[in-house]
Amino acid sequence: DTAVSQTPKYLVTQMGNDKSIKCEQNLGHDTMYWYKQDSKKFLKIMFSYNNKELIINETVPNRFSPKSPDKAHLNLHINSLELGDSAVYFCASSLTWGDNSPLHFGNGTRLTVT
Amino acid sequence: AQTVTQSQPEMSVQEAETVTLSCTYDTSESDYYLFWYKQPPSRQMILVIRQEAYKQQNATENRFSVNFQKAAKSFSLKISDSQLGDAAMYFCAYSQGAQKLVFGQGTRLTINP
Numbered sequence: 001d002t003a004v005s006q007t008p009k010y011l012v013t014q015m016g017n018d019k020s021i022k023c024e025q026n027l028g029h030d031t032m033y034w035y036k037q038d039s040k041k042f043l044k045i046m047f048s049y050n051n052k053e054l055i056i057n058e059t060v061p062n063r064f065s066p067k068s069p070d071k072a073h074l075n076l077h078i079n080s081l082e083l084g085d086s087a088v089y090f091c092a093s094s095l096t097w098g099d100n101s102p103l104h105f106g107n108g109t110r111l112t113v114t
Numbered sequence: 001a002q003t004v005t006q007s008q009p010e011m012s013v014q015e016a017e018t019v020t021l022s023c024t025y026d027t028s029e030s031d032y033y034l035f036w037y038k039q040p041p042s043r044q045m046i047l048v049i050r051q052e053a054y055k056q057q058n059a060t061e062n063r064f065s066v067n068f069q070k071a072a073k074s075f076s077l078k079i080s081d082s083q084l085g086d087a088a089m090y091f092c093a094y095s096q097g098a099q100k101l102v103f104g105q106g107t108r109l110t111i112n113p
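In order, the protein sequences belong to chains A and B.
Counting from 1, one number per residue, gives the positions in the first sequence under the working numbering.
Counting from 1, one number per residue, gives the positions in the second sequence under the working numbering.
Calculated directly from the structure, the hints in this document are not laboratory data.
In this text the structure is predicted, and so the values were computed from the model without any measurement.
Treat the hints with care, since some could be wrong.
[To be verified] From chain B, some residues computed to sit far from chain A (all C-beta separations above 12 Å): (1) Ser12; (2) Ser28; (3) Gln56; (4) Asn62; (5) Gln96; (6) Asn112.
[Unchecked claim] The following label-pair restraints were derived from C-beta to C-beta distances: (7) Asp38(A) with Gln83(B): 25 to 35 Å; (8) Asp70(A) with Gln2(B): 49 to 59 Å; (9) Lys52(A) with Asn112(B): 42 to 52 Å; (10) Gln57(B) with Thr114(A): 18 to 28 Å; (11) Pro41(B) with Asp18(A): 29 to 39 Å.
Glycine included, C-beta positions come from ideal geometry on N, C-alpha and C.
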C-alpha cells in the first residue's frame, strides 16, 4: 500500500537516449511534483501539477516533458539525455494546491547517464 | 527569492544525547511554513516536523522539537535521546503560498554508538 510509488528505482542509459520515469500516488491528492536531487544532495523543484494542470515549470530544459494523464499519475519523459541529467529524481504529492500541506515523496529514481 | 541555509554540512552525536541542527531562511513574507525532512540511506524523504509561522508555539513530535525564532528567521531542529536510526541527511525547507518547497543544502547527521 505504497503511498507514492515511482518506477524504475534505478535507470542507467547512454547519452542521447530518451527515457521515462513513472509516478503514481494512491493518497487521493490533487497536487503532484517532480524534484531533482543533484550529486551534492541539493533538492530543487522542477514541475508541479494540480488536477492534471501544469502549475510550476522551473526553467527546466524543454527536453524534460512531464505528463499527467490523471491526478493520480505524473510521468516524466526526458529526451536526448545528457551527462548533466544524472541525478536522483523524486516524485511527490500533496493534498491540494496552496494549502501548504506536507509533501509525500516517492523513493526516488537514480538516473545515471553514461 | 526565498533562500534556506543550513550552515552545518555534517554533525555527529553520541547515542542517547541531544543534538541541534541549524537552519536560517530569508523571506519578506509574514505567513509561511517551515519543515524538516529526513533522508536516510534508503533515500526516501520523510517529514519530521512542520511549523506554521503564525504560530508562536514551537512544534514538537516525540523526540523532535524545533526552536522557531521568527524575527531572527531561524528554525533549528533538536533531537533528544538520539538513536542509531536517526542517522540521515536532514533538510530544512520553506514553503509559502505557491507551495514550492525551497530546501537547504542538508546536514548529514551521524550517530556514534
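For each hint, the structure was consulted:
1. Ser12: Per Cβ check, Ser12(B) is outside 12 Å of chain A; nearest 17 Å; holds.
2. Ser28: holds (17 Å)
3. Gln56: holds (18 Å)
4. Asn62: holds (16 Å)
5. Gln96: violated (8 Å)
6. Asn112: holds (21 Å)
7. Asp38(A) with Gln83(B): 25 to 35 Å: holds (29 Å)
8. Asp70(A) with Gln2(B): 49 to 59 Å: At roughly 31 Å between Cβ atoms, Gln2(B) and Asp70(A) fall outside 49 to 59 Å, so the hint is violated.
9. Lys52(A) with Asn112(B): 42 to 52 Å: holds (48 Å)
10. Gln57(B) with Thr114(A): 18 to 28 Å: For Gln57(B) and Thr114(A) the Cβ distance comes to about 51 Å; the hint is violated.
11. Pro41(B) with Asp18(A): 29 to 39 Å: This hint holds: roughly 31 Å between Cβ atoms.
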